[in-house]
Amino acid sequence: MKQAIVSYPKKDQSLKRRTRWGETAIQALLLLSGVFSIFTTIGIVYELGKEALLFFRNPSVNLISFLTGTEWQPHIEKFGILPLLNATLITTFFAMLIAIPLGMGVAIYLSEYATPKVRGFLKPILEVLAGIPTIVYGYFALTFMTPLLRSIFGKDVVEIYNTASAGLVMGVLILPMIASMTEDALSAVPRSLREAAYGLGGTKLEVALKVVVPAAISGIAAAFIIGISRAIGETMIVAVAAGAGPKFTFNPFQGAETMTGHIVRISGGDLSYDSIDYDSIFAIGLMLFFVTLTLNIISQQIVRRFREVYE
Amino acid sequence: MNQPETKPKMEFSENVTRRHLSGKVWRVLFLFSTFFGILALATLLLNIINQSSGYVIYKAKVDPVTLAVDGVPLKSQTKEQLMSVLQDNLSKGAYNKIDRDQPFAEQSRDDTYDLVITRIVKYEVETSWKLWDSLTKRGEIMQTAQTEYPNDLLRFNVWINPDFLRRPQSSDPVVAGVRTALLGSLWVIGITILVAFPLGVMAAIYLEEYAADNRLNRIIQTNINNLAGVPSIIYGILGLAIFVRTLEPFTSGTLFGITDPTTANGRTIMSAGLTLALLVLPLIIINAQEAIRAVPGSLRNASYGLGATKWQTVWSHVLPNAVPGILTGTILAISRALGETAPLVVIGASTVIFFDPENAFSKFTTLPIQIYQWTSRPQDEFRFLAAAAIIVLLALLLSLNATAVFLRNRFSRRY
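Protein chains in written order, with this note's numbering: chain A, 1 to 311; chain B, 1 to 415.
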């Protein structure tokens, strides 16, 4: 009986650690999936870099005039990035004009004022707002925001396609993101800090603005930077509402094409692989990639370096 | 004696009033910010609903009343009767051409009806109104219809309707539908899931369960976090260079002997699916990592204690407990991919395509692309079609998100 239940290991079947080939194979496979993301990054840098290099090798392009030229007219061989960059900065500025103050307001309200019940109602609304596809926001900009701006400022002032409308709607898109990141940062501030401030006689507002916000400032700054990075890379809203055709203008009520908008318009047609247009979208893309990557890394560094650690 | 005592008290209370007042003002400002968010969402939805139905004046080239066969009006005719209408009103050559392109034997009654509408009746939209105007200025609209368009058809048209879902894309707004785009979206998402889900979950398992804290793994983790922040249009450019151009023999299907003359290049469903897979991969990994991290260590230790190997522990104990979280995260990532437009425009999704995609190597269009294309056209009726397509897209996303919330609430466990 006993023998049937317990079988002792034979001499060669030791319980010592031994190589299990199945386990090793699985681990290798998993490692490969993990490393795959690095291939993606290498792919982005390599492909963008390769084609961008072809673009800069073109006799009609040089790096200086690319970075300082105020005209982007491929048909007369003028490739100055400034009109596109300028439009991107204008839309980003308007987006931040909406998203930063209102996002902060929402975050402070949610974390400091709202009761759990109200929070439970408001947070899903913000999540819905964040989950709406950007093309829908583009539609909203073109069919609602632009007519609204035109009725306020006059049809002579505001063009049908303009950067202000695209930027403002982009602000609505980015608002929930900034709000939720800021709220996370505010909620991470320990209760004891608030209690201490109340104990010294602070009002609710003073506690929120003079104690909680400064304590969470690194997280808030990170949220702003991520928001800016998102606005720079945002594409469909500007493609629909900001206008086609690069134009160097500081007037937000005129149409102007952003970097992303230009990539979409150029690649929307059937693009032949050997044209300078094809190469130019890679050069713009590379610039976009490095700008957003730098902003994202700065944001991570801010959180890592300046985060106040409480016990 | 009394005076010096009361004076500071006075100052103190004055100060308090001011402080409380500013507290109230700011509170209103915070509340306003929150209210603004709700208002924006409401305006956005109302704006879309407002444009998704309303009065339309149609001008018919041939009055449908004259097309009645044996007293049966066009609407209730059988397929055979509709075919005879086509035969009577089209030249023999045109009729035979239709039969060659889309054989009548394979058509449903509704298809034939659509043919009669597009080829003979040829409705054109003369004017259209938004929903709000249609409701509030009804009398005015009726009057305009009678005085300016006495011979035309005035109808209250709900742009989003069953026919809209059933019909293929068309350049004619009267019979345009989203079937082509909807099927395209589903095909693309299917490929995205097939590629990104296994890869993402495996990477997450590696990072959470296997990876030691060494340099390589830290690089992988940082890299994934950074990839999640790369603008989607960059993925489009990457997809254009790698999938459409470099891997063209694979993505156009010629490698598998599929030589569809319409897909001579790599701008296919396969390219789109793979591009979106790269896009959502970091999101799936990050979400799956969180789900795996939430499984308590005691479960793992219990499994090891019973002599299980690492993989046995992961497969039989960690994964089953992490599945709801992983699925929720994946669904959220997929719904992001479903609404993604920019990368697909860049890899060259065709905007004009009238046939359903047949396989993974077909040309395609997707819902967001369709919305983009319709929105870019200046005529009102295309804006209304775009609004209808947006409602379809939002409904799809909402049901996906509802599934995610359901999974989270139904299966998530707290330890």
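These aren't lab readings, by the way, just hints derived from the structure by calculation.
Treat the hints with caution; some may be incorrect.
Stated by the list, open to error - Computed Cβ-Cβ distance ranges for the label pairs, DEER-style: (1) A/S192 x B/F411: 29 to 37 Å; (2) A/I38 x B/T246: 17 to 25 Å; (3) B/Q312 x A/D277: 36 to 44 Å; (4) A/L67 x B/L135: 48 to 56 Å; (5) B/A212 x A/I297: 34 to 42 Å; (6) A/F250 x B/I49: 35 to 43 Å; (7) B/L46 x A/F250: 28 to 36 Å; (8) A/I42 x B/S298: 51 to 59 Å; (9) B/L255 x A/V309: 37 to 45 Å; (10) A/L67 x B/V16: 55 to 63 Å.
Heads up, the beta-carbon is just placed ideally off N, CA and C, and yes, glycines get one too.
Cross-check of the supplied hints:
no., hint, verdict
1, A/S192 x B/F411: 29 to 37 Å, "36 Å, holds"
2, A/I38 x B/T246: 17 to 25 Å, "19 Å, holds"
3, B/Q312 x A/D277: 36 to 44 Å, "55 Å, violated"
4, A/L67 x B/L135: 48 to 56 Å, "54 Å, holds"
5, B/A212 x A/I297: 34 to 42 Å, "24 Å, violated"
6, A/F250 x B/I49: 35 to 43 Å, "37 Å, holds"
7, B/L46 x A/F250: 28 to 36 Å, "33 Å, holds"
8, A/I42 x B/S298: 51 to 59 Å, "39 Å, violated"
9, B/L255 x A/V309: 37 to 45 Å, "55 Å, violated"
10, A/L67 x B/V16: 55 to 63 Å, "57 Å, holds"
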